[in-house]
Amino acid sequence: MAPNDSADTNGSAAQGTTGAGAGRRKAVRYIVPVAVAGVAAATIGLVPALASSGDPDLPKITAQELIEKIAASDTQQLSGTVKISTDLGIPSMGGLSGSFVPDGAGDKGSASADPQKKLTELASGTHTLRVAADGPDKQRLSILDDASEYSLIHNGDQVWAYDSKSNAVYHAEKEAGRSKERQSAPEGVPTTPKALAEQALKAADGTTSVTVDGTAQVAGRDAYRLVIKPEQSGSTIGSVTVAVDAENGVPLKFTLRPSSGGKAAVDAGFTTVDFGKPDASSFSFTPPKGAEVTEADEAEGHGNAEAEKAMGGLSAFEGMNVIGKGWNTVAEIKTPGGAALPSAEPGDVPAGAQQFLDALGDKVTGKFGSGTVFKTRLVNALMTDDGRVYVGAVTKDALVNAANQAG
Amino acid sequence: MSQAELAPAGTTTARLGPLWTLGILRSELTTTLRRWRTLALLGVLAAVPVLIGIAVRIETADGSPAGPGGGGAGPAFLSQVTNNGLFLVFASLAAVLPVFLPMAVGVIAGDSVAGEAGAGTLRYLLVAPAGRTRLLLAKYAATLVFCLIATLVVAASALAVGALLFPVDDLTTISGTRISFGEGLLRAVLVAVAVAASLIGFAALGLFVSTLTNSGIAAMAATVGVLITVQILDAIPQLSGISPYLFSHYWLSFSDLLREPFYWDEVLKNLELQALYAAVFGSAAWARFTAKDITA
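Protein chains in written order, with the numbering used here: chain Y, 1 to 407; chain Z, 408 to 703.
Pulled out of the complex, with its shape left as it was, chain Y reads as follows (with noise of 0.2 Å):
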């Protein structure tokens, strides 16, 4: 090795002008690897920035042209690819909650893959989901995740749901009533337009802006940009923007932008949609051979006496008001018999779990008394010390007055 290292400086010395012009070349070499690399990073860079700096020229419509074109959007027949990237700014428990809530993969007891937990695991990451659909009968929703799926099935009466990482399945009939909520899996066609566009309308009343805010390309299509925005201060919402497709009004993308700034809370889009016949043999289901189905019925009776349970917890609260109204409404909850924060009995709780608690919480003080604030991007929290539960999409200081207003 040694010789051959010298040789490269003693050759090039030695050989005076034709070895310096030798060695010229050879740098001149490495100017090609240099050069790929420059192009791909350069491409890297710049095709993003290209591609989002074509915004479609559109013939100028009106907000209202535009809802009663989502309106009288009569799509039924579309599939296509959808990301959803949902950052709710709910406090990271990280590997706490990975030990404590089972999951899918950690659940030893039974491996189901009832949609229910399923689903609650689109509320934070980004997941890549696909959707189809063929009528109000046909629909099909799948989760893409790293060498696996999960696909959600729902064709005429029968409603299955495979979980291909465990190799689970859940079936339901239609007549077990839990599928008319799953009836609504694909988004972006609204089941019933008329009455979402009228609903628009009138929720937007007084309390909102509602505009068109310029073009936008969404999956390739031409669409438009619709912006609601609450015109109340104290909101936690800054605002929400629906791509509506220019061609025929099927919203195309969604995002909801919170009032503090930053990366929108959640943003859900179409990166490629094709509103052709898709095809029949994706909403065709049969358990695969030796996939353990859990059916609805059983399911059922395992996740009733829970919601009973459940229910029985809440109809202890001693009722719900609620205060303010559009996008400033705070729903005011009475813990039953007072029972407030562990902090009111902190003998009760060991020391190191008190600790925890506050660190999620701010504490306040108001005419109400005292009481912690738990904050996530969306939605705050304000449970005061003599038991009372505030709630509401708003910011801390409306919190502390909706809470000084009731109390």
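No lab work stands behind these hints: they were computed from the structure. Built from N, CA and C at the ideal position, the CB exists for glycine as well. Wrong hints could be hidden among the right ones.
Result set (DSSO-like, lysine-lysine): computed pairs, CA atoms no more than 30 Å apart in a straight line [claimed, not checked]: (1) Y:Lys26 - Y:Lys138; (2) Y:Lys26 - Z:Lys699; (3) Z:Lys676 - Y:Lys83; (4) Y:Lys60 - Y:Lys83; (5) Y:Lys118 - Z:Lys676; (6) Y:Lys375 - Y:Lys263; (7) Z:Lys676 - Y:Lys263.
Simulated restraints, written as ranges between beta carbons of each label pair [stated by the list, open to error]: (8) Z:Asp672 - Y:Ala42: 42 to 48 Å; (9) Z:Ala682 - Y:Ser209: 30 to 36 Å; (10) Y:Gln77 - Z:Pro574: 35 to 41 Å; (11) Z:Ile586 - Y:Ala72: 36 to 42 Å; (12) Y:Ala331 - Z:Ala682: 52 to 58 Å; (13) Z:Pro505 - Y:Arg25: 37 to 43 Å; (14) Z:Leu572 - Y:Thr286: 23 to 29 Å; (15) Z:Ile586 - Y:Ser209: 40 to 46 Å.
Here chain Y is said to cover these stretches of chain Z; the calculated rule only asks that three of the stretch's residues, wherever they fall, bring their Cβ under 8 Å from a Cβ of chain Y [stated by the list, open to error]: (16) 583-589; (17) 667-673.
Given chain Y, work out where chain Z should sit, using these hints.
Chain Z alone, transformed into the frame defined by chain Y:
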């Protein structure tokens, strides 16, 4: 050998035509594949599916599902292996892709130039009127052929073991749809090709490292070291900003070929990334090798 001596060699090859390049490739391939080391590597790779198959078979002998806690943990596709032997192909490829397969490729690629230099045979290779660029291309092509052979060895061994130990039947894609066994086999071939293509970039990197030194062992160790470093970097969540540019980031994207319909996004991203690595490190290897003084 200096630059001046290389120039006439280049003009000779121009007359010999493309068949001559194939000739070097053939001789490269036979030399590579005849080495005991290569055969041992392929043997180890073929043993992995056998191990996985027997382990799953023993674990599920009492009727319990594969994988700890009813599936989910462990290599991908493991929970489906008991129901369909074809899934052993996918499970085995998922198991060998992160370490075994690239390590074998790293050994072959790292050894390709440095090994010859270390053994003192590189100068004799260059005496043949092929030119350094052609020799390098032939070495790279031979490495890529090895990638494909290694992947196919794993797939074939897995298919044989899977058919022997488990029922083989129509396949349920991970999207829940059913495809016939024939189409399943076709997908297995497609997946094997995708896995082999995932190694294109890493093979180019190994070739570049190999041109830097005259010690075959050093080149192999450095190549495998880069592999391990990159895998660690890819696993650190705080570095997620750079991970899409690491050559191993999209390796498991081959599983997207088992969805219905295919989900091409990540597979194509993987191919783009591999092409980029091949272009950058391939040209770097060319720059180094064509300008290098060969003394051994």
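Now for the hints, and whether the structure bears them out:
{"no.": "1", "hint": "Y:Lys26 - Y:Lys138", "verdict": "violated, 65 Å"}
{"no.": "2", "hint": "Y:Lys26 - Z:Lys699", "verdict": "holds, 8 Å"}
{"no.": "3", "hint": "Z:Lys676 - Y:Lys83", "verdict": "holds, 17 Å"}
{"no.": "4", "hint": "Y:Lys60 - Y:Lys83", "verdict": "holds, 28 Å"}
{"no.": "5", "hint": "Y:Lys118 - Z:Lys676", "verdict": "holds, 28 Å"}
{"no.": "6", "hint": "Y:Lys375 - Y:Lys263", "verdict": "holds, 16 Å"}
{"no.": "7", "hint": "Z:Lys676 - Y:Lys263", "verdict": "holds, 25 Å"}
{"no.": "8", "hint": "Z:Asp672 - Y:Ala42: 42 to 48 Å", "verdict": "violated, 22 Å"}
{"no.": "9", "hint": "Z:Ala682 - Y:Ser209: 30 to 36 Å", "verdict": "violated, 49 Å"}
{"no.": "10", "hint": "Y:Gln77 - Z:Pro574: 35 to 41 Å", "verdict": "holds, 38 Å"}
{"no.": "11", "hint": "Z:Ile586 - Y:Ala72: 36 to 42 Å", "verdict": "holds, 40 Å"}
{"no.": "12", "hint": "Y:Ala331 - Z:Ala682: 52 to 58 Å", "verdict": "holds, 55 Å"}
{"no.": "13", "hint": "Z:Pro505 - Y:Arg25: 37 to 43 Å", "verdict": "holds, 41 Å"}
{"no.": "14", "hint": "Z:Leu572 - Y:Thr286: 23 to 29 Å", "verdict": "holds, 24 Å"}
{"no.": "15", "hint": "Z:Ile586 - Y:Ser209: 40 to 46 Å", "verdict": "violated, 51 Å"}
{"no.": "16", "hint": "583-589", "verdict": "holds (count 3)"}
{"no.": "17", "hint": "667-673", "verdict": "holds (count 4)"}
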